[in-house]
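The whole structure should be built from the sequences, with the hints applied where relevant.
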Amino acid sequence: MKLQHHLGGVENLGPVSVETRVFVEPWERRIFGIHTAMMAESNHLGDALPAYPIKELPTAFKSTWTWASLRTGAEDMQPFEYFKYRYYEKWLMGISQFFVDQGYITADELAERASLYRADPQAPMPDSPSAPIKEQIDAYLEKGDSGYRERRTEARFSNGQTIRVADPEAVDHTRLPGYLRCKTGKVVEVYPGTFSYFVSTGVDGIGEPMVVYRVAFDAADIWGEGKSEPHTTIYADLYEAYLQASL
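Note that the working numbering has the sequence shown beginning at 6, numbered continuously upward.
Just so you know, the hints here were simulated from the structure itself, not pulled from any lab data.
Heads up, a few of these hints could be off.
When the alpha-carbon atoms are kept at most 30 Å apart in a straight line, the in silico DSS-like pairs for lysine-lysine are as follows [said to hold, decoys possible]: (1) Lys148 - Lys60; (2) Lys60 - Lys139; (3) Lys191 - Lys139; (4) Lys148 - Lys67; (5) Lys188 - Lys139; (6) Lys232 - Lys89; (7) Lys148 - Lys89.
If you want it as structure tokens, here you go:
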């Protein structure tokens, strides 16, 4: 499993940043805006809840871009590179590589545009989004999207049941915190309906809609008594694919 998938419980990563500002540099706002516009024009919104008229949207963006796309792009970085760059720098790298991989722009064209704006930060920006795209972005910001589906299968586990977290094969992107692998916890809530993720994680187990559980863990069972405050409970929302019956 890649180190950068989940950092909770990992020792010796250096001092923890206590920065409270959402955007530290002005350019970070633009990166967030680009990501939001891509989400609002993504193909997956045609099947999301609520559904959007994405096929009628007058946009040249014809791909699927979700939070999973952003996370996978960041987690695919070489670990030493990942820890060298700041949060929105990782976003920028993931988004840039996506546009190159999808054929919207070549690496040489991207380098040329970057050089242009580096030499002249006041150079005119590309055209603003059209009115329909602006309306779509506003609608997406207001309504969002969801992978929720009506439940068609019975939940394997019930409230109060003791479970053991699985240890699936490492993949490019996972929704399972590494520090919970092979740990024992108790189901404290079975969420209604089923939930899908934006992408399939393959052998990791996430794909079709499935039940999601809220599971409670004793912190001492995760990190040991010497590194945990007493009477501390850790809660995690976990897909059913990550849970096993406790022996």
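Hint by hint, here is what the structure shows:
Straight-line distance between C-alpha atoms of Lys148 and Lys60 comes to about 18 Å, which keeps the hinted pair within the 30 Å bound. For a cut-off of 30 Å, the pair hint linking Lys60 to Lys139 stands: about 16 Å separates their Cα positions. Proposed proximity of Lys191 and Lys139 is contradicted: the alpha carbons are some 45 Å apart, above 30 Å. About 21 Å separates the Cα atoms of Lys148 and Lys67, which keeps this hinted pair within 30 Å; it holds.
Distance hint between Lys188 and Lys139 is unfulfilled; the C-alpha atoms sit about 46 Å from each other, more than 30 Å. Restraint check: the Cα-Cα separation between Lys232 and Lys89 comes to about 27 Å, which is no more than 30 Å; the hinted pair holds. Proximity of Lys148 to Lys89 is assessed by CA-CA distance (about 35 Å); at most 30 Å being required, the pair is judged violated.
Hint compliance for this structure: hints 3, 5, 7 are broken, all remaining hints hold.
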